[in-house]
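Undergrad: Assemble the complex: chain U is given as a structure, and chain A must be docked to it using the hints.
Taken in order, these protein sequences are the chains called U and A.
Just so we're aligned: 88 in the working numbering is position 88 of the first sequence, and the numbers increase by one with no gaps anywhere.
Just so we're aligned: 100 in the working numbering is position 100 of the second sequence, and the numbers increase by one with no gaps anywhere.
A hint or two may mislead.
[Stated by the list, open to error] DSS-like cross-link-like pairs, simulated, lysine-lysine; straight-line CA separation at most 27 Å:
#1 LYS95(A) <-> LYS7(U)
#2 LYS95(A) <-> LYS70(A)
#3 LYS65(U) <-> LYS7(U)
#4 LYS57(A) <-> LYS95(A)
#5 LYS95(A) <-> LYS65(U)
#6 LYS70(A) <-> LYS59(A)
FYI, nobody ran anything at the bench for these hints, they're computed from the structure.
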Amino acid sequence: SAVISQKPSRDICQRGTSLTIQCQVDSQVTMMFWYRQQPGQSLTLIATANQGSEATYESGFVIDKFPISRPNLTFSTLTVSNMSPEDSSIYLCSGGGQSEQYFGPGTRLTVT
Amino acid sequence: TQLLEQSPQFLSIQEGENLTVYCNSSSVFSSLQWYRQEPGEGPVLLVTVVTGGEVKKLKRLTFQFGDARKDSSLHITAAQPGDTGLYLCAGNDYKLSFGAGTTVTVRA
Numbered sequence: 001s002a003v004i005s006q007k008p009s010r011d012i013c014q015r016g017t018s019l020t021i022q023c024q025v026d027s028q029v030t031m032m033f034w035y036r037q038q039p040g041q042s043l044t045l046i047a048t049a050n051q052g053s054e055a056t057y058e059s060g061f062v063i064d065k066f067p068i069s070r071p072n073l074t075f076s077t078l079t080v081s082n083m084s085p086e087d088s089s090i091y092l093c094s095g096g097g098q099s100e101q102y103f104g105p106g107t108r109l110t111v112t
Numbered sequence: 001t002q003l004l005e006q007s008p009q010f011l012s013i014q015e016g017e018n019l020t021v022y023c024n025s026s027s028v029f030s031s032l033q034w035y036r037q038e039p040g041e042g043p044v045l046l047v048t049v050v051t052g053g054e055v056k057k058l059k060r061l062t063f064q065f066g067d068a069r070k071d072s073s074l075h076i077t078a079a080q081p082g083d084t085g086l087y088l089c090a091g092n093d094y095k096l097s098f099g100a101g102t103t104v105t106v107r108a
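Just chain A, with the same shape it has in the complex:
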């Protein structure tokens, strides 16, 4: 049983458009993390959210954590081809439980 549900599974957009990826958990973890993975590489940590209602920004990326600490979203503004990759959310309770992932393709 997947503890974390991600949507959508696939997302293809034109350069300059915005996108949002969602992550919903059936459990509350100590923290929730977002990773980005490119082909042939391991996942790279983008952000860790801990507190309910938290909002974090990383350049054009905005991460929100729901008040109940079960849902999160990743919003990318003015997407660029370099944003292409597999985006994964993960619940962290000393070990990571990953969502199914969202494959994002940004077309030039």
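Chain U extracted, bound-state conformation:
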């Protein structure tokens, strides 16, 4: 198994600013992903974080808005850029292999 931590756990940001969320895994993992979730609702995949190369984004998500880095097999960051109130959500990262993913506790973002 893997233990995933995220920082910050929550933040309140002004519109037009950017926030970078960090995701740390306690062991090397093949795959890391970033998701968005509204409270009480399901998870929507934003992108696959690829180690050493550009992330692979899902339909509706673009690199300019959600730049992602993954410098090694245990760490990734997601930046939410030029934020608007519509970006208020919970952002989760996951890490693991092809058959099993472990999730971080999430970062609750509120944009005012």
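TA: Below, chain A alone, put in the same frame as chain U:
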């Protein structure tokens, strides 16, 4: 378009009752997984089903996978307040596609 449909969306039952949550997919995935999520936490994997017709048991939880590998169910026997949470099914093709989720509340 949601690939996986879950029902019901909400379920509220009394402690000791049984419940069933359903997940139906429009596609066949490499595997199907069930997660439970509590407020302020990330989803936690409960089970992975791979083979059509498979049945897996985890204490009071029973998971079934349909023969066509498109539908699955989660049955909880004698539910307890600790079973309260958001139950999510997900199709796994190296990346996860989640259903809309079922919010289960078990009243003491």
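Undergrad: Each hint: holds or not?
TA: Taking the hints in turn, this is what the structure says about them:
| no. | hint | result |
| --- | --- | --- |
| 1 | LYS95(A) <-> LYS7(U) | holds (23 Å) |
| 2 | LYS95(A) <-> LYS70(A) | holds (17 Å) |
| 3 | LYS65(U) <-> LYS7(U) | holds (19 Å) |
| 4 | LYS57(A) <-> LYS95(A) | holds (25 Å) |
| 5 | LYS95(A) <-> LYS65(U) | holds (21 Å) |
| 6 | LYS70(A) <-> LYS59(A) | holds (24 Å) |
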